[in-house]
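Protein chains: 2
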Amino acid sequence: MIDFDKSGGLVPAIAQDADTGEVLMLAWMDQEAYEETLRTGQACYYSRSRGRLWRKGEESGHVQEVRGVFIDCDADTILLKVHQVGEAACHEGYRSCFFRKVEGDQFQMIAERVFDPRQVYKK
Amino acid sequence: MIDFDKSGGLVPAIAQDADTGEVLMLAWMDQEAYEETLRTGQACYYSRSRGRLWRKGEESGHVQEVRGVFIDCDADTILLKVHQVGEAACHEGYRSCFFRKVEGDQFQMIAERVFDPRQVYKK
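Keeping their order, the protein sequence lines are chains A and B. Read the first sequence against our numbering and you will find it ends at 1082, with the numbers running on by one and no gaps. Read the second sequence against our numbering and you will find it ends at 1082, with the numbers running on by one and no gaps.
Worth flagging that the hints you see were computed from the coordinates, not collected in a lab. There could be a bad hint or two in this list.
[As the list claims (entries may be wrong)] Subject to a maximum C-alpha distance of 30 Å in a straight line, what follows is the list of computed DSSO-like cross-link-like pairs (lysine-lysine):
| no. | chain 1 | residue 1 | chain 2 | residue 2 |
| --- | --- | --- | --- | --- |
| 1 | A | Lys1081 | B | Lys1060 |
| 2 | B | Lys965 | A | Lys1081 |
| 3 | A | Lys1060 | B | Lys1081 |
| 4 | A | Lys965 | B | Lys1060 |
| 5 | A | Lys1081 | A | Lys1060 |
| 6 | B | Lys1081 | A | Lys1081 |
| 7 | B | Lys1060 | B | Lys1081 |
Whenever a hint applies, use it, and build me the whole structure from the sequences.
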């Protein structure tokens, strides 16, 4: 039903805060991640850097409880409405990964950190 | 500044309604589309099916006036906050491309058409 073949097995998946509408992040799903998300009710992605299934929050505990799954017109993009546990979706400690605004040829910080990544990831 | 090389020259770009927070669509940008978007203040994408720059609304008139451009932590995804002219972002006539909700192994329609594609595209 979802066109995973179009882009070599992966489709983009947008995570949006179910309550506020804030776009939290974009990650990628393969068939397995999609099915695991539906089965568990928690967002699972495919980590391109690790080359494997990524249960969002597996290290940080900041899981995403899925409130709704939506598909676009071409069936090649997924939108998740989620409740973000731990207040932050971004591994850098921001609520949303989109914490920088483009202003001319500069990036401007528009958010404050919710957590310190060194504390959460123990790295 | 944006990592266009990571995925072969294209990065995903999310268009979100600047007023309501509704996610309208996801499309793709190459360097040219990104620069054209910043230069013109209207969303330009790269059409994978047509293999060229796509000025959103060039056929329908339903352009997207850009209110803000945001970059994610890895600088490989773009978020546009836009004002959608013509009330609908989707070429199928829906306000958002995400007009279907996944319910079990079914897709459920969750939106009404705003326009008739046959009238708008004259096809």
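Hint check results:
no.	hint	verdict
1	A/Lys1081 - B/Lys1060	violated (38 Å)
2	B/Lys965 - A/Lys1081	holds (27 Å)
3	A/Lys1060 - B/Lys1081	violated (38 Å)
4	A/Lys965 - B/Lys1060	holds (21 Å)
5	A/Lys1081 - A/Lys1060	holds (29 Å)
6	B/Lys1081 - A/Lys1081	violated (58 Å)
7	B/Lys1060 - B/Lys1081	holds (29 Å)
Violated hints, listed in ascending order, are 1, 3, 6; each of the other numbered hints is respected by the structure.
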